[in-house]
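Visitor: Work from the hints to combine the two standalone chains into their complex.
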Amino acid sequence: MNLAPLRSGALLLLAGYAVATYWVFTRSTPLVATRPVVIRLAHWQIERGPPEGIAAVIQRYEELHPRVKVEQELIPDRIYRQWLRSNLAGDNGPDIMEWGSWVEGHKDLPARYFTPLTAELAQPNPYNRGTSQEHLPWEKTFHDGLTCPKRDSPDPGQIYAVTITETTMRLFCNAQLLREVTGSEAVPRTYDDLRRIFALTKRYAALTGRPLAALAGSRDNGRAIAETMFSGPLLGLNQRLDDDGNLYLYNRKLLGAYLAGRWNYRDPHVKAGLALVREVAQAMKPGFLQLRRDDAMLEFFRGEALFLYYGTWDATTLRQMVPFEIRTLRLPAVTADDPIAGRWIAGPLGEGQGETTLSLYVNRATPHREEVIDFLRFLTSVPGNQRFTDHSLWLPAINGVQVPEVIRGFRDYQVGHAFGQATYDALGSSVSLVWDRNFHHLAGDQGSVDKFAEVLDQAMPAAIRADLQDEVRNTLLLVRPQDAAILGHASLGDDSPAGQRHRLRQQEMEASQTISEGQLGQARRALDFAKERP
Amino acid sequence: MLTTWARAAAPADGASPSDEVGAAWQLMADHLGRDAYVRLDRVRGVPTREQRLAQAVVVVDYQPVTPERLHAAEAIFADLARGEDEIAAQAAYLQARLYQVHYSQPDYGRAAELYRALAARQPDSHWAQLGLVKLGLLQLYVLPEPAGPAARLAAVAALLPRIKEEKLQRDVHLQLGQAGTFYGLPLDAVLAHLIEVNRIGGLVGQIEEDLAIQLGELSLRAGHYAAARTYFETYLRDFTPNLRSVTVRRRLAEMAAQEAKAQEGRP
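Going line by line, the protein sequences match chains F and P. Using the working numbering, the first residue of the first sequence is number 31, and each one after it goes up by one. Using the working numbering, the first residue of the second sequence is number 281, and each one after it goes up by one.
Just so you know, the hints here were simulated from the structure itself, not pulled from any lab data. Treat the numbers as computed from the prediction; the structure is a model and nothing was measured. A virtual CB, placed ideally from N, CA and C, is assigned to each residue, including glycine. One thing to keep in mind: the hints can contain errors.
[Unchecked claim] Estimated spans, in silico, between C-beta atoms of each pair: (1) P:Asp299 <-> F:Arg441: 52 to 58 Å; (2) P:Tyr505 <-> F:Glu435: 42 to 48 Å; (3) P:Tyr505 <-> F:Ser526: 45 to 51 Å; (4) F:Arg108 <-> P:Lys444: 53 to 59 Å; (5) P:Arg517 <-> F:Thr347: 36 to 42 Å; (6) F:Ala229 <-> P:Glu513: 32 to 38 Å; (7) P:Thr346 <-> F:Ala290: 49 to 55 Å; (8) F:Pro527 <-> P:Arg324: 30 to 36 Å; (9) F:Ser526 <-> P:Thr346: 34 to 40 Å; (10) F:Asp524 <-> P:Thr346: 32 to 38 Å; (11) P:Val326 <-> F:Ser526: 25 to 31 Å; (12) P:Leu516 <-> F:Gly291: 33 to 39 Å.
[As the list claims (entries may be wrong)] For the chain F half of the interface with chain P, some residues (derived, Cβ under 10 Å), not all of them: (13) Ala34; (14) Gln188; (15) Pro527; (16) Gln530; (17) His532; (18) Gln549; (19) Gly551.
Excised from the complex, chain P in its bound form (with noise of 0.2 Å):
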């Protein structure tokens, strides 16, 4: 079906075929799938790569999405991913994509050997890399190898310095403290890598709450109380007033006393 795409004679409305493929592009980062999808559609002459990327691309946001749509899909992002441009690196990394978390029956193992190709190929595209990072949730969760959870850890820091773009690292730290303690591993640990997303920064919505009371929570079950005191307070002074506010003040005024008991207690 997505080979019928490719026909003769100009767009209906007389757009050229790369004005429509930039509407389609906008149309789904709107996520208006079956719009760019008709857009698409209307695209005569023989594809562009770009054009023929955009035609296997909105199969994932078009529904009903079927497996065959998307071995069709697959077909195209296989074929253009034998070039070396920035198209084929984002054509191998949705080919990987479409393994992890598209098919109905995901092969995690074949999503990581394609992500680890597209990094051997083209290591420096940002496709290449973002393809690590979702290689990294692979080997965290579900990939049957290294199978315990600090070696999973291991794999996956193991990364890290394959990664140049500073964003991509902020997630794969913040992945690497979330299973942390989701693995009960030592505060420490996570916390390092907790640490290390805060100052890299820039993350928006719950997610930047969360880890500002986290560095601090963890901070003081660590017994890092200094640490705690200063994450918390920045806490306070940057979010607005809800309940977590309480309890950290709690927290505050805890460690307060702590302190001056153990004042008291000095000669």
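Extracted from the complex, chain F is given alone in its bound form (with noise of 0.2 Å):
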């Protein structure tokens, strides 16, 4: 018998084998594409809702257009920012991309990788053919006019993203323990009933021996509501910082009237907030400051908590897999009235009225500039997040995208003031860092308020000064770059459509310039204030 053709045979068989694992060990894309341009999105909306929202947009714009296949690249937010930067750093990083100013340690992103969109937006949106967004230019289709990503721009006259859905905080309560605490169905309408209901539950939970907090808690849900509180009191002393009439506050503004010597830890209405910070913290469970989101959100899944405050963006999650009634509350505001931070309080703050977010930026090295705008301009018109509304049941971006029933109460908002970009716990990321390295000051039955403000006083001129040379340094990796845009554009400038489209950008681009350099220039003066007092 003649082994040859066999032998040959296993031996194909076994060097396509080898190629095969070789592929799949080495490449994550199909031996083939089967469309020429492929784009990737990249974002940390794990929960449920968003990746099925933006799969049905997709699955329509690769009906639309065939050459073009979109990859959604779900990153679970714990493991974002590191991925997100390596990949950068790496050329590899993905043509859409989820990012937040509130991201630590990713301020510089924008200016180092990110491309404007404001030319685009000052355009129509074509798939708004034939509905009523139709002639509107871009930017104002978006229910804000993009407030969030206009404000966090590194760039103040830029517009460097765009956003697909609205989201808020809220109060999920655990609707049968609340009878089982309280005796009552009754939810708490003043941030005093609420206080109440926190004492009740520690009652509640000493005579039961059973282990329950009122609040569920995790770092993040831990931080979010803080931060609600503690804006609070903080909104007449931001008013007083105000010397631009803004009428809201400005992070880089913040850090340089605290090294001014203008406000500190230890001001009366910056200790009302703390007070009220504590008061949270002590609802939750202790040790909560080393836990997660998915944490709280087990905790309260298991009826150890009796709410769970955080964003609408998990109450897809919480409606499909909670075994128990919900009932979804805004969180009272502290008022005017309040026993222990009443005088502080100038008056109510807004809950964001409408800002939208899941803010897309486009990566400035996409080799697919064209089609990656086009895919945004897709997701983005009313028929495309008309699809993720209806696939998420996220509240949608866009003006004229009907708004299913069961999410319509998450536009019921608190109607008050602007605040500003952070409270006085996330001003930088170095601030950050020194807020949580101290807060067992602050929580637990050691903690207090004075000793907390003390030692916050004490640790964050330094943290304060490294985050205002973070905005120097990242004001400056923004402008350095523009000059060569600019020579770029103004060599290219001439008479035809295309050559006036160029002057215009040019001007566009020395106007924000110059702003950003003026900006620059007040933060430089604000470090050497600091360096001249004593």
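Guide: Structure below.
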């Protein structure tokens, strides 16, 4: 019997297997790309809702554009920061990515890696043809006119992102547990009602021996509720420090004002806020700062916490997974008649008033800029965003999209004033770190407001200086490469329609670069003032 | 290293050198510095002035930016700046920019000197005018003289008659307004600049909305109630409602209540 053909076949099979194995372990793409253009979109919203909503939009987009494939990459938020930075640094960044100015240690990313969308946003979105938004500039079709991407732009004259949804914070209540603990179905109407429920829960847990907290605890949930409580008494102080008359305080201004000695953590407004933060911290189980949002969610699922305070982004997950009745409430605002902090309350704080979020940024190095922007146009068109909303049950970002009945209540906002970019625990990465590191001085039976405020004022000057220096560095990262871009536009400018667009872009970039450099000058001056102070 | 870019022969794919330079400018406009660098590296033949400028400009946007490369770029800028054409003005402007923002150890005095020299040599060039805007920033915040805030602002205001382009005048007025609030100068002086920014218009992004609010709020603080009301009403009309609209509406209501009270008190 001739075994040669058999041997050749086996060898061929082995070689094929080896190639396939090599491919599987070294490449994540198919052997043969079926579509010539592949766009990667990365985000951290892996809870129920957004992945399904975005997938539905992608499916329709790919039907309309057979040459384009859009891949959705779901990256857990625990690793998103490291994942994003290493991929961008390694020239392997996604074409579209989620980013937020609050992501610690990431403030330099827009300047380094993202590209502005200002010019495109000034034009109508072609996918809105036949809808109520047809003739409006793309920017004006967003429910809030893109407040967050404008406000958080590293470059005050540019818009870098589009948003696809609208979220707010809510107090999710285990209705059955509320009845058990309080003997009533009445939900808290005022912050003082909530304070009473905190006390009742503690008593009930002690009596029954059950592991039970009023608030499900984790660092994420804790910071979320702490910041909401903290900001109430700070509003008046923010207004006092608002020299520019913006009715809003940017972090760089607050950092500078601290270095100039215009506020500190022992200020009565700040201490009133800290007292409220201590109250909510005491309503969580000890050690919550070591836990993450998934842990808080599990605590709530197990019936070991009466309330879960977090974003409406968790509502779809809760609705689908929790075996008990949930009531969704607004966190009662601390008002001027509050017995503890009332005298420091300057007015009601707004809840966002429909600010849109899940901001998507474009990688400036994408080889498919045209397709990327086209996909973003579809995703944020009336039909595209409708599809996202229907499949995610998250609120839409675009005007003209019908809101499903089940989530309409999320738009019932607390009407109130604007506050500022961040509360005083989160003015920058270093400030945030010092806050976390010393939080034990505030929480727990041994903690106190006075002790915490004193410790913060010892540690914060260096942290605040570091964060302001970060602002300086990030602004330099932004303005330096703009010189080359400005010269590029200038060299391409002429009287043709394309040339005129370049001229306009040159003019806009020159203006926004000058504004950024003005801010840079002020930050440097604030750092110098601090050096001059004893 | 930059000097080695000047090589003999034609571009690799047959495109003309001017096409390659045009493509490089487009890449730089799109912030794709590295691609622009590669594109320019392919160009062969004796480099034109424009090509030399492009090769030096790309250095400021091509990572990693090293001091050696910046110094090499400066040598090219300085050489090109000796001419009298548009490229000379661009090169002179960029040489000053190196000292203002690109070198890790800035030399603001040198940057100011270069901006002044450019403005004296080619006063009508856009780049000289833009240089005066940047000189204004140096005077507002970093140059040792003049020392006091009011004197700093006065020195920058004195640059305005030399700036012919309206959009650049606007940018200087905006900086004067922002510096005025930063240094706590009288609100009427600040408002005069912000009103001028508003008249010229054309700002985009967050700054447009900030300006609209500032005009109302600072007018109110300065006691110009009628003007404040007009600015606040314009803001509510022109911008999508958001958290600041709530405060603006409250300001308008407070002003109306005060007026009503004043009316009641009249005989």
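Visitor: Check each numbered hint from earlier against the structure, then list the numbers of those it violates in ascending order.
Guide: 6, 7, 13, 15, 16
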